[in-house]
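Line by line, the protein sequences give chains A, B and C. So that you can map any letter, position 13 of the first sequence is 12 in numbering that gives the first Met the number 0, and since no number is skipped, the others follow by simple counting. So that you can map any letter, position 215 of the second sequence is 214 in numbering that gives the first Met the number 0, and since no number is skipped, the others follow by simple counting. So that you can map any letter, position 294 of the third sequence is 293 in numbering that gives the first Met the number 0, and since no number is skipped, the others follow by simple counting.
Keep in mind that the hints were calculated from the coordinates and are not lab data. A few of these clues could be false.
[Claimed, not checked] Here are the computed lysine to any residue pairs in the SDA-like style, where the Cα-Cα straight-line distance is at most 25 Å:
#1 C:Lys162 - A:Arg38
#2 A:Lys122 - A:Glu106
#3 C:Lys162 - A:Glu42
#4 C:Lys454 - A:Ile28
#5 A:Lys122 - B:Ile243
#6 B:Lys211 - A:Tyr298
#7 C:Lys318 - B:Ile178
#8 C:Lys253 - C:Asp230
#9 B:Lys182 - C:Val421
#10 C:Lys273 - A:Ile157
#11 C:Lys454 - A:Met51
#12 A:Lys75 - C:Asp112
#13 C:Lys242 - C:Ala502
#14 C:Lys454 - A:Gly52
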Amino acid sequence: MAKYILKRVGLALLTLFLIVFILFVLVRIMPGNPFPSERMSAEQIANKRAEMGLDDPILVQFGRYFMNLLHGDFGKGTSLYYGAPINTVLSTCISNSFRIGGIAILEGTAVGLLLGITAALNKGRFLDGFCTVFSILGVCVPGYVFLIFLQYFFAYRIPFFPYFFDPNRFVFSAILPSLSLSLFTMSTVARFTRNEMVEVMDSDYVHLAESKGMTGSLLVRKHILRNALIPIVTVLGPLIVDLLTGALVVEKIYGINGIGKLMVDAIAGEGVDYNYVLALGILYSALYIGIMLVVDILYGIIDPRIRVSASGEGEA
Amino acid sequence: MADTTYVPVPGDFELLTDRDITVDKNFASQSYWKGVATHFFHNRRAVVGLVLVLVIVILAILGPMLSPYAYDQIIRAADNEQVVAKGIAPPGTSEGSFAGMTFLFGTDDLGRDLWTRTWQGARVSLIIAFVTIFIDMIIGMSYGLISGYFGGMVDNVMQRIVEVANSVPRLVIVSVLAIFMPKGMGLVIVALLLTEWIGMSKIARAEMLKMKEQEYVLASRTLGAKSLHIIFKQILPNTIGPIITQMMFSIPTAIFTEAFLSFVGVGIMLPQCSIGSLISTGFNNITTLPYQILSPIAVLALQMLGFNFIGDGFREALAPKLEDM
Amino acid sequence: MVKHFTRRSFLGATGASTAALFLAACGGSGDSGSGGVAPSEGAAGGGSIGVMLYTNVMSLDTDLATDGDSFEVIADCIDGLMQMDADGKAVEALAETMEASDDGKTYTFTLRDAKWSNGTPVTANDFVFAWRRICKNAGEYAYMMSDIGQIKGAAAIVAGDEKDETTLGVTAKDDKTLVVELEVPVPYFDSLMYFPTFYPINEEFYTSLEDGTYGTSPATFLSNGAFVLGDYTPGTASLTVTKNPDYWNADVVKLDSINYQVVGSSDNALTAFKSNSLDVVMISGNQVASAEEDADLKDKLTVTGAGYMWYLTFSQTKKNAQGGMLANQNLRLAISNAIDREALVDNYVMDGSLATYTAVPPQFAASATTGEDFSADQTMFSDYIGYDVDKAQKFFEEAKKELKTDTFEFTMIYGNNEGDEVEKVAQAIKEQVEGNLSGITLNLQGMTKAERLDKMQEDNYDVALTRWGPDYADPMTYLGMWITNNSNNYGFWSNKEYDKIIADCTTGDLVSDYDARWSALYDAEALVMQEAVIAPLYTKANANLINPSVQGIEFHPVALNRVYKNTTKA
């Protein structure tokens, strides 16, 4: 097991290194200027570029960047929040996005599981249809549209919640955005749970358990849920990454300084901020690869069959 | 299962000399798909989904033709001077007409007919979705099947490539692509192509891992069949079910992603429109003139609903044991 | 009902007729009976207002800030030598007196007693340090020191030719006396002094900070102005400034605090205002129309000049526009005359922006001697610009003959992240030009502002929809752009006569003769208009919704859009 994990971690780090390099090259060929300017002369811009080392060979630039990266230094912005170290800006944004995204994941998973289990246990009956349609509706409308309705009705018509995000009242003002973000998770988890459970309920060992006279909640808990929930780990992984990083519009509407909006500002703002795009891209990749790694390893722990076959393949 | 006692009657074994018996040639495979179809059409939600999608597709084709206006036409009154400045609401409201003209879905900020634009947008979105999903199915399926079949080093390398491809933020990809090709529908399609095949390849790989241990594969291999023959001629037909299901779920994702790209401003170029760009424009007036975002959102939602229902229906029809209870 | 769509917008009409409205602080003061307005959120003390920002504050460092929102917050917290009064005139701030030498090339400022928020006094050296730093770092606004301010030695330092920034012509004679030497007299020098680039920074405090942390938190930022930084992290969508009790003029400042909030869309701004979350918001497009129709909101609407002008620029080089077709003057004139600017502002921009027919937009630069707005007369160039389809077609026929072709296909680039109305305007221009001049196809290509600028600077475009905001209250902020090889001369237009006039007005004989220079500038402008170097479109205004309990916000089209020093909240 330890060998398997070690190997996966090593591979993940190698992949990440490759991604950092690819991103580094891609960012440098993106259109737009790292020093957008209408008032600087050509020589001023040339001086700025030289100062940033943008005229060096790309491998030299990459080497320098990578060494800084190893020290946890993302550098400074060129067209975005200039002056401030990226780490400062990033840490606030990450903390906001992760906390709101985290709440959204909890909400979405909890409600999704409830809906999915209810639907599966009432399969073919009215409640099944209701829960299924309800959960599909969650993926039909973009979350930000939902947020606008929430904001309009619960912050303006009935002014209960704050109209904009307020870092000083974090949890309270995170309710509306996290609710709207949780829709997609809720929906996916609900449908996945239902289908997995229905499949498990139809499997031989459940039939066997039933034929032994096992019924009710014990059957559900001991045999059905446990086996049905294992694969949910696999869908939750990518969902978590998306939630933590992809809340651009919601952040914009609700005035949250999070990483979704930061990414768009870095690419489609005043200029193309090389360092911000890179920092955010690396963050996204690291999250993705990290969570996938955790999912794989967890899966290996939960379900030994996978581990055996996966490591067996690796050896071959 | 239920009724096993059968009493033979005379005539059971008569020869059908006057009929063309060659129709039975492909009976085995036909009956499988027939079964799927029967299950599918017995599923009320799946049928609703199919009807929804069909209606939207038909309207996307015919809608713009049925309209007296072009999708990019700024409508003027008879005297050609007055431009419909602010949007005109759908009929039935106090501002529901202009110079005797009414507009079913209202007009947008430039005074263009939203009925025409909505269906034009639906058309663009559907084209984008279908083209990308079709090509992605081919790429993703081949990739996943090959990766899963060979396993080992090949699989390892191919899966790392998937991780890399999945890790580069979409906005970066689109921006870089925009250097090499003009912005617009083509760019959106290529951008989606580059990322959407991944989901498909994962499904295909998982299916392959299940399939390749089966006896018929072993038999083929023993008989000296080449790898590619086994992958594409023997295993592929058996994985097509889950892949079609995945396709149905991918179409909404593609439409959503296109909407996101338009929202950020790298999608469809104006005055052309897509469902996504209509939503992002309507978003600017969402509480002031809500009808502007209503029609594209409704079409988007119904499309999503339709494709999801179809996808669910397919999955259940392909695994009929789930439905037999 | 039909009337609703045809009438000229209320704002357009009033905005055009009176410049006074532009500078008026706030309307609707008499209306107190109509509906009680709840105090803004968290305004228990009464003196706190919520204000909308368009974009995140990018930097609080005067060397790095480039956008209006950042400048506004900096100016809340730091005073310069001069400040703007309610009418936009430069009056003394940290400078107690300002004296210009007879030749206009030396300015001596005597500072008043003022303190930084850490208790140290503001000295002349703080200015010297800040200005040298700006020149040495040679950022976006360093040109205010060199090209605009003409401070001695600045140009060489900014260009990087002179490595020793102490050669800059700014000296602290003693703690209270600052002497500034100029290369040539600059007629509007006093009005530059309220621009944030010229604000001081305390050297001792700055050097005590870890490198690169200045202005990134309340602890790393010193203020000497009306407010101190309360709550701020870089990249935040909301920030607070609170009253500075040690401000030299603290008595006039009534507000306890200003809570800034970045709002992403006009629609969201309108609802935020209606929900009393914010006291001051800016709206545009249909939200203005809907506010005008709302009896309650209508009175709270105030139009103020935003200063910047939108215009079309045409690439005149061979590599663009089908082999340099747009180098043809008649073709450019045809396009310019085929655009209905009134329709653009009335139907699509809708926030009171003014249709503009001059290369220098109206209402930001008034003559120092007569007080008359430089571009008050918008019909000055009616021979060359206006909405006249017949004339446009006549120009077009000429162009077709000269270019020996009937069909033209150009691409117009515009920024799709520069405001909702820009997309609308671009599409409307396409429709108008294609409709009025059959034979021209204008393809639209939206891109980020950064990409648009990049394309324009690389001369890789046909037609571009772009904008320029005045940095100082003189026509030169616009006219200076069209000289040969200026980096903002995106069309690569070149005219020797024009270059000469501008040279005379900036560094030549005319700098010391105010009125002669003023009229020479008209000659220069006429050249730009005759040759349709650019096609001016409209001058942007802001449609503000202001809570009637908030009084005395001063709006300006130049440099500092909003000033709160005399603002009160009931």
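Evaluation of the provided hints:
1. For the hint pairing lysine 162 of chain C with arginine 38 of chain A, the CA-to-CA distance comes to about 21 Å; that is within 25 Å, so the pair holds.
2. This hinted pair checks out: lysine 122 of chain A and glutamate 106 of chain A have alpha carbons roughly 24 Å apart, not beyond 25 Å.
3. Between lysine 162 of chain C and glutamate 42 of chain A, the direct Cα distance comes to roughly 14 Å. Compliance with the 25 Å bound is thereby established for this hinted pair.
4. In summary, the hint linking lysine 454 of chain C to isoleucine 28 of chain A is supported, as the alpha carbons are separated by about 14 Å, within the 25 Å threshold.
5. With a C-alpha separation of about 24 Å, the suggested pair lysine 122 of chain A and isoleucine 243 of chain B falls inside the 25 Å cut-off, and the hint holds.
6. For the suggested pair lysine 211 of chain B and tyrosine 298 of chain A, the alpha carbons sit about 21 Å apart, so the restraint of at most 25 Å is met.
7. Restraint check for lysine 318 of chain C and isoleucine 178 of chain B: the C-alpha separation of about 18 Å stays at or below 25 Å, so the hint holds.
8. Of the supplied pair hints, the one linking lysine 253 of chain C and aspartate 230 of chain C holds, its CA atoms being roughly 19 Å apart against a limit of 25 Å.
9. Straight-line distance between C-alpha atoms of lysine 182 of chain B and valine 421 of chain C comes to about 18 Å, which keeps the hinted pair within the 25 Å bound.
10. The straight-line distance between the Cα atoms of lysine 273 of chain C and isoleucine 157 of chain A is roughly 12 Å, inside the 25 Å bound, and the hint therefore holds.
11. Of the supplied pair hints, the one linking lysine 454 of chain C and methionine 51 of chain A holds, its CA atoms being roughly 22 Å apart against a limit of 25 Å.
12. Between the alpha carbons of lysine 75 of chain A and aspartate 112 of chain C the distance comes to roughly 37 Å, so the proposed pair goes past 25 Å and is violated.
13. Taking the CA atoms of lysine 242 of chain C and alanine 502 of chain C, the gap is about 45 Å. The hint is violated against a cut of 25 Å.
14. Taking the CA atoms of lysine 454 of chain C and glycine 52 of chain A, the gap is near 23 Å; set against the 25 Å cutoff, the hint holds.
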